[in-house]
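Going down the list, the sequences are from chains X and P. Residue numbering for the first sequence follows the numbering used here, beginning at 48 and increasing consecutively. Residue numbering for the second sequence follows the numbering used here, beginning at 52 and increasing consecutively.
Everything labelled a hint here was simulated from the structure, so no lab data went into it. Keep in mind the model is a prediction, meaning the values are calculated, not measured. Among the clues, some could well be false.
[What the hints assert, rightly or not] Straight-line Cα separation of at most 35 Å, DSBU-like style, residue types lysine-lysine; simulated pairs:
#1 207/X to 358/X
#2 268/P to 358/X
#3 363/X to 198/P
#4 358/X to 315/X
#5 267/X to 238/P
#6 198/P to 268/P
#7 315/X to 238/P
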Amino acid sequence: MRMGTFRRIRDGIGATALACALLAGGAALAEDKQISIAFVSGPLNDSFFPPLYQGAQDAAKALGVKLAYIPIDEADIEATSARTMQTAIAQKPDAIVVGDFVTSVVDPYIKQAVAAGIPVYVNQSGQDQWQADGAFGFVGQQGPDVGKAAAERLTAAGSKTLLCVINVPGNPYLQAICKGLAERVKQLGAASSNLELPTADSTDQGKVSRDIGAYLQAHKDIDGIFTENAAVGTAAAAALDAAQLTGKVHVGTMEISHVALDEIQSGKIDFLVNEQPYLDGYFGVVFAALYAKYGLAPVGPVATGPSIVDKKNIDKILKVFDTYPNVIGSK
Amino acid sequence: MLANPHPNDAAGAATAASRDDEATQQPARGRLSRLLIRPEAGGVVSAILVFAFFAVAAGQNGFLSPLGTANWLDTAADLGIIALPIGMLMIGGEFDLSVGSVVGASSMVVAICAGYYSLNPWIGVALAFAIAGLIGLANGLIVVRTKLPSFIVTLATMLMVTGGALGVAIALTGSSSISAMTTGSAKAVFASDISQFHVSIVHWLILTAIASYVMQKTAFGNWVYATGGDAQAARLAGVPVARVKIILYVCTALAAALSATNETLTFQNGNITLGSQYVFTGIAGAVIGGVLLTGGYGSPVGTVFGSLTYGIVSLGVFFLGWNADLANFFIGLLLLLAVLANHRLRQLAMGRA
């Protein structure tokens, strides 16, 4: 189950125009001096990041770019955020792509890199800081928007009392999502509350399922649940199944896993928020390479989510999931 | 999964040096004080107290309903399967901090075989147990050969197992979290429910019965107490101290593989971080259940009640309708009280010797 999870971003610009730009740029980039990119992001033991890593690799391969992926350690996030940026700057790459998870630590290094003549592209997190830091752009998804989308989906399904489950206590990004959900729910005339799971439980799906089941027995008015990763979402669905509440309590979750997709089909989960981490990695490398080479970049932030998966579009997602490992999620 | 007790090996000599606690405890004055100096007394008392508290405070919210009971019993069973061999290992005088990492690695092995490569789930299960057994063997061999503190050795192997498993998983599948669909006999054995109760409760009870028998009735059990009580004296008395420790490490790793298999096949998802909480809760369960940190003292039944206490408290706060913020506070408080109480009881017992 993922611990970290800092991602993000902003609604912005249509991404389609960009795709054209990169197709045109691809072949040319490989010809003269090879572009090198340092990519500072999350660790692969957090299930959010393997697709991001895959996207970065695929883009580097397609463009003939030399890619150094430098992961932080979520258990020691401040110190490793600093160290990874130091490493990236020391490598003197043509561009740096960075997930600005801990802005107070990372921002000075972004400024330092820019001052040293290395262009920086921010992805996933840092949507409020990237311009002030002197980065040339931002790609990702903004937390409150995810909460807002979830609130709208669940209330449209008929839920009146929502529960937002936070699986990593104290994580600002996950908190921001539940806050966005709470604000939108209020506007829609429904109620919501948060449930923070103990840190020790976050890796134990069985315990998470029973925690949620017990909490629901004490709060029988809850009729909608939103969770912030697929393992917690499927655990919530299992808790509802055990309590024979499937269908009476609606469930939505962030992240996509095969089990979660199966439960969309069986109706145990209503919808998944596809954060499209593959795009974070892919666009991160593509935009950094284009900027390093030509000085061209999209203007303003590029939004990669929230994109919703439900019964309407699951067939396509499921097919891609099974055909291409780590593009949407792990097989 | 428990070892052959080797009943013919120098059992007589070993027995003389073993079970120093029980052997040296003189009959206490009253029946109650005799009960209270048993190793499991602290665990039994704490389990009863927390059960009574939550039955009264959260009984209206379903704590006592069949589903509610299944909730905290399943939690106790998950921990109990780990705390049981951890407790025996601690009685034998050693720690194993790597147990959580073995759960995560085994989970990945099961999921990669059963999910990613769509093999028969039993192949993944067999491979997970084999790899876990080898990790346990390595832990044991390093500890007895180098004579380094097991705290450090297993801290090192914990990091190596987690890193190694992640590296292999990323190389093979590109991911650290893999779906594992289960059907058939493996599902029945590891992932089924009996009414609302998970099958892991059955595993837990069977393993506890075996462990209790081994610790109480066999030469191997005596050797474990002797090894943890005073390894030097045990060695002189002919106890194969090294072999005892190695077997205990292998048992701990196999229990980790069982726990991983249960969870992975039940939720159809393998994850490298699964089980990482057991580094702390495994030891907490054993200690609340009366196992002494310095070795030589404790019982399998005690760890059952230590695990029950953990299951009741950690689920009970949710039945109260609270957020979980306070659950760990209560677990920590109980741990402190248990250690204090066990320490006092131990002093009482030794004072009468």
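Taking the hints in turn, this is what the structure says about them:
Between residue 207/X and residue 358/X, the direct Cα distance comes to roughly 22 Å. Compliance with the 35 Å bound is thereby established for this hinted pair. Pair hint residue 268/P plus residue 358/X does not hold up; C-alpha atoms about 59 Å apart against a cutoff of 35 Å. At roughly 58 Å between alpha-carbon atoms, residue 363/X and residue 198/P are farther apart than 35 Å, so this suggested pair is violated. The suggested pairing of residue 358/X with residue 315/X holds, with an alpha-carbon distance near 11 Å, which does not exceed 35 Å.
Of the supplied pair hints, the one linking residue 267/X and residue 238/P holds, its CA atoms being roughly 31 Å apart against a limit of 35 Å. Only pairs whose Cα atoms come within 35 Å are accepted, and residue 198/P paired with residue 268/P is accepted, the gap being roughly 29 Å. Of the supplied pair hints, the one linking residue 315/X and residue 238/P holds, its CA atoms being roughly 20 Å apart against a limit of 35 Å.
Comparing the model with each numbered hint stated earlier shows that hints 2, 3 do not hold.
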